[in-house]
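**Student:** Next come the chains, spelled out residue by residue.
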Amino acid sequence: MVRLHFIKPGLWTTVQDNGRIGYQNFGVPVGGVMDKKAAQQANQLVGNSLETPILEITMLGPQIIFQGDCQIAITGADLSPTLNKQPISNYETIHVSSNSVLAFGQLRQGCRTYLAVRGQWKIKPWLGSCSAMPFGDKTATPQSLIQKDSFIDVQTLPLIAPQRTALEDRPVFKKIVKIALMAGPEWNYLTLRQVAHLFSTTYKIHKDSNRMGYRLDPSLPNFEFSSPLISSGIVPGTVQVTNEGQLIILLLDAQTMGGYPRIGNITQDAINNLAQAKPGDSIRFEFKEDK
Amino acid sequence: MLIFKPFGPQALLVEWEQRIALDVHGAVMELYQKVAIQNIVGVLYQIPAYCSLTIGFNPELIAYQALLEQIAYLDRFPLAIGNIPTRQLSIPVCYESSFALDMPLVEAQTKLDRATIVRIHTSTAFRVYMLGFLPGFPYLGVLPEELKCDRRSTPSLKIPAQSVGLAGLQTGIYPSDAPGGWLIIGRTPFVTFNPNADDPFLFKVGDSVRFYSISVEEFEQETSKISPSAFNNSK
Chain A
27 MVRLHFIKPG LWTTVQDNGR IGYQNFGVPV GGVMDKKAAQ QANQLVGNSL ETPILEITML
87 GPQIIFQGDC QIAITGADLS PTLNKQPISN YETIHVSSNS VLAFGQLRQG CRTYLAVRGQ
147 WKIKPWLGSC SAMPFGDKTA TPQSLIQKDS FIDVQTLPLI APQRTALEDR PVFKKIVKIA
207 LMAGPEWNYL TLRQVAHLFS TTYKIHKDSN RMGYRLDPSL PNFEFSSPLI SSGIVPGTVQ
267 VTNEGQLIIL LLDAQTMGGY PRIGNITQDA INNLAQAKPG DSIRFEFKED K
Chain B
10 MLIFKPFGPQ ALLVEWEQRI ALDVHGAVME LYQKVAIQNI VGVLYQIPAY CSLTIGFNPE
70 LIAYQALLEQ IAYLDRFPLA IGNIPTRQLS IPVCYESSFA LDMPLVEAQT KLDRATIVRI
130 HTSTAFRVYM LGFLPGFPYL GVLPEELKCD RRSTPSLKIP AQSVGLAGLQ TGIYPSDAPG
190 GWLIIGRTPF VTFNPNADDP FLFKVGDSVR FYSISVEEFE QETSKISPSA FNNSK
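Those protein sequence lines, which keep their order, are chains A and B.
With the first letter of the first sequence counted as 1, position 195 gets the number 221 in the working numbering; the numbers rise by one all the way through.
With the first letter of the second sequence counted as 1, position 174 gets the number 183 in the working numbering; the numbers rise by one all the way through.
Honestly, I wouldn't trust all of these hints.
Claimed, not checked - Straight-line Cα separation of at most 30 Å, DSBU-like style, residue types lysine-lysine; simulated pairs: (1) A:K62 - A:K314; (2) B:K14 - A:K150; (3) A:K62 - B:K14.
If you're looking for bench data, these hints aren't it; they were derived computationally from the structure.
Sequences and hints are given; from them, build the entire structure.
**Tutor:** Pasting the structure below:
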């Protein structure tokens with residue numbers, strides 16, 4: 027058994043897995059890792075199944091003392107990780123001996139870092155998932171929202187031979203993130219001029235952006251819709267437009283219902299890439315056909 | 010007449026005539042229940058709403074077009090789904106001023122006094138049209154036109170759990186403490202969302218709900234009676 031003791035929690039550190047699928051009829055957000063690709067790569071590097079929980083770390087890393095030996099892997103954003111003050115690399119299996127301290131430093135690129143630990147995580151799931159429920163009743167997933175002096179226990183497994191992710195499979199962080207957008211249910215609410223705006227504007231990610239959704243600036247020009255919509259379902263990746271014309275890309279922790287026009291949906295790859303863009307970063311939409 | 014729309018790479022949206030009414034919602038519920046019992050490989054979840062049904066699927070297991078054809082077939086095929094009984098729930102609400110945080114705003118907007126507002130709210134049979142906004146938050150309709158209210162222009166930062174509110178032609182119950190814009194006219198002692206219970210959600214889509222008025226004393230008695238796992242709230 028290895029115990030992770032969080033000396034510092036970091037800015038927003040949560041336990042995530044593939045989310046809480048099948049309870050959306052009760053209004054439960056899907057949840058789960060924001061950058062699925064990076065999370066899967068981390069679990070693969072330590073020989074875990076892809077369903078194994080993982081830590082999602084946002085922009086400012088935690089500080090963790092490991093009580094027990096284990097193998098870990100770090101993927102996604104480069105947060106200058108160190109083990110006992112020695113720099114370590116992302117995208118490879120790393121052996122951690124008992125009483126080591128894992129810390130993070132400057133955010134070099136990306137937004138979300140994933141930390142996989144080899145073994146079975148002793149986290150109590152809620153509705154089939156260990157993903158943190160950050161709102162509503164927080165007692166649903168008390169172990170999954172990391173705070174100062176939180177603990178996570180992982181039942182360790184026999185060591186595997188260390189691995190590395192091939193260079194070509196690692197992310198390339200771009201200054202302007204390209205987001206593939208498909209037409210959504212209310213696509214025809216847009217005028218030609220607004221469509222032109224959508225695909226010719228470099229949008230900035232607003233500071234009020236998180237796992238629920240990313241808000242974009244500037245707003246669509248002259249957006250007005252005639253009659254309010256009757257509330258209807260929302261899925262992760264839905265792009266909606268508010269009454270003021272602001273675009274919001276709804277993400278994994280978004281609510282399941284909305285009343286704004288859903289003009290588009292972004293692809294799973296686009297969600298992965300967007301998860302590595304932070305407030306202040308820039309994105310551009312590219313049109314993607316349905317098929 | 011159903012309309013099918015692609016809703017991103019992993020969902021199909023089914024839409025009915027866009028109005029809030031029991032007959033349209035009945036059609037949504039019928040298809041929702043048919044899809045649920047059919048257990049279609051690749052279907053991951055469903056979100057029934059007033060006049061739409063969102064069906065999430067795994068594109069590695071079923072293609073959009075194949076799913077669309079299955080759903081259209083299910084819609085046409087007669088199944089004895091209509092026999093599923095509607096649950097009748099009676100929910101006590103204390104409308105006294107300590108809980109009815111926005112009653113003055115509601116009185117001003119509706120130009121009705123508190124007694125009339127309570128009388129209308131407790132004499133209407135509501136339907137749970139959908140759950141959303143927060144886990145376990147029921148959208149109950151249709152609110153009589155006399156009680157129609159606008160949401161707050163600036164949301165309250167913290168509305169206490171179990172608060173009963175109005176918004177447009179809807180009424181709803183906050184399942185947990187949350188920010189929100191609904192105008193609060195009372196509070197129920199019933200726990201409507203308990204993540205630690207085997208079944209965390211009191212309300213299901215399609216339930217029939219009536220409210221009845223209780224005093225502060227009755228509210229307190231009821232609160233002390235409820236154990237965390239008590240979820241048999243039919244009166």
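**Student:** Each of the hints needs a verdict: does it hold here or not?
**Tutor:** Okay, the hints, checked on the actual structure:
| no. | hint | verdict |
| --- | --- | --- |
| 1 | A:K62 - A:K314 | holds, 20 Å |
| 2 | B:K14 - A:K150 | violated, 38 Å |
| 3 | A:K62 - B:K14 | holds, 26 Å |
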